[in-house]
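Protein chains in written order, with the working numbering: chain A, 1 to 395; chain B, 1 to 240.
Take the hints with a grain of salt, since some may be wrong.
Stretch-level coverage of chain A by chain B, calculated; a stretch enters the list once three of its residues show a Cβ under 8 Å from a Cβ in chain B [unchecked claim]:
1. 11 to 19
2. 192 to 206
3. 209 to 218
Going by beta-carbon spacing under 8 Å, a handful of chain B positions derived as facing chain A [claimed, not checked]:
4. A48
5. L50
6. V85
7. F98
These are calculated hints, taken from the structure and not from any lab test. The C-beta atom is built at its ideal place from N, Cα and C for all residues, glycine as well.
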Amino acid sequence: MNEILMIARKELLSVVRERRVLFTTLILPIIIMPLLMFGPILLFGNAARQTQETVQKVGVVGVPATVLEELRNAKVEPVQIANPQEAVQNREVQAALVFENGNYTLYGRLSGGATQSALVVEKVQGALRTYKDRVVADQLQARGIGTEVLEPFKVETRDASREQERAAGLFAFLIPYFLILFIQMGGMPVAVDATAGEKEKGTLEALLAAPVPLIQVLLGKGLAVFVMSLLSTLAAITGLLLGGGVFRNLFAAQLQAVQDGENSAQLGGALALDPLGYLSIILTAVLFALLIIAIMISLGLYARTFKEAQSYMSPLMLVMIIPILFLQFSDFLKLQDWYFALPFVNVMLALDSIVKGAATATQLGTTWASTLAYAGLALYLAYRNFQREDVVFRN
Amino acid sequence: MIEVSNLQKTYRKFEAVKGISFAVQAGEVYGLLGPNGAGKTTTLRVLATLLKPTGGSAQVAGFDVVRQSLEVRRSLGIVNGGMKVYDKLTGYEVLDFFGSFYDLWGPKLKERIAWAAELLHLEQPVLKKQVKDMSTGMQQKIVIARAILHQPQVLLLDEATAGLDVFARRALLDFVKQYAELDKTLVYSTHVMSEAEEVCDRVGFIDKGSLVFEGSLKEALELGSGNLERAFIRRLEEAA
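Isolated chain A (complex conformation) (with noise of 0.2 Å):
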């Protein structure tokens, strides 16, 4: 017991040491945290305030004056143009609207995510139903219909969600993939370092030649990167609390207006779990670190140089993006409890479940069980690596 906490000491002590792997590790997630969760809101929420509030440039061709009018009043201005689309496109007007044969076209930029043109037509779609309202109520009194027609009940949509999937809102998704990154981006450094980085720098063999059985080893230095992957989690949860914090702070008044009456989920959310809830997210993420350490560690071991290393290690990096497109289409799919066995499957949904309050016992107990299974095996295969001479003395 003593060897490997002895080795994992050394590991850990070489990395405290290597200020870019620490500023990596444990800086850097304290900072890209609430960057990442609130920036984007911030900034489009800002994009979309200003849209609002400012006049831009509307093409127009054929539009009738009580139009133009009712354009004016929703803050764009009409300007005539020849061509619409190439208007749009050169980005002389953020959008054109066009009256021909008693029907409108309107154009807009409309591809490539958020666009200030995307914006523009929707304010002057607003200002096309107004004006639609406001004709078709003229012609109803002309006739003495009330517009009450129009409208003859009443529709109210109401949110049946648990009240924990409520509001965690977008945490449930963005918790299982944080964690998951950054359990893996923590022990990355260390892994490659304390494997492929020793055979490399020519240190391992002086270790190997110590009277230290090879299991314990390779268990100081899976100590080591399962501190590192901790350190580097609970780094990034504290940038997520405590940046959030500062920003709900700082930009009350921006994030309010991008709320815009509606609850928290829409900025990210909270959790709202009860003990046991919270120590299944620790429990399930543990067996996940020790999953993934184990598969790092296997890797690195097999790898004659760090470039080697980190090329093996990068693509899981990729592997993990498969079980979160997943995770987004799960509420289409009826899950199964054998989905729960599914390797990295299974941790996603795990957490995504106890976020939401939805989680089985038997959903649990599978992933705890398999993930656990799995890190066995992927530690034997780590073991045997390791004994392996023509991996060790690959170099």
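On the provided structure of chain A, position chain B as indicated by the hints.
Frame of chain A; chain B shown alone:
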């Protein structure tokens, strides 16, 4: 102290060591001499239990290298030219780390570090530096200090002077002689004949995995009319 009998090591189809036998006694420096790729490093790695032999047997300090690998590792130290220690750690931290595997702690560890430092002419302030800030010679001294901290009965040195400047090389050769005087067993592997001539009591010429000559330094010199290099070349040519 070291008994090697018909030792073989094959990597897939390549026979790196083809049944060599030799013995080294306490207080003796045995020179394992051969060109690059002759099988020296493989032989020493088998003795250090880093590699498993595919045939024959070897005993170090009375322990079998296959069945009693941990006991063997407690009884020996190994240094090779490419061996490095952790560059982010200080010299003292490196020795503290490796010392802990031999139950060296506290005052006992300090005493051993002082002993090794004196033997290797390592000044205490150097030990406070991170290894990356030391010269190559100093780094090599830390590698050696790590290997002798537990005062092993057997010390294996494989191309240990590779990359060292003339001063560091001289210090290492002096150390080899001094360590042998402590009644320790040393195997000194090199392809530099002048070094072997200076420190070895007995030598073995190894080529293409086979031991083509074994005898005292005097016998080897006689074979080459007073020149070890000539003896080495002559013996290898005869064997070919």
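>> Check the structure against each numbered hint from earlier and tell me which ones fail, lowest number first.
In response: Every hint satisfied by this model.
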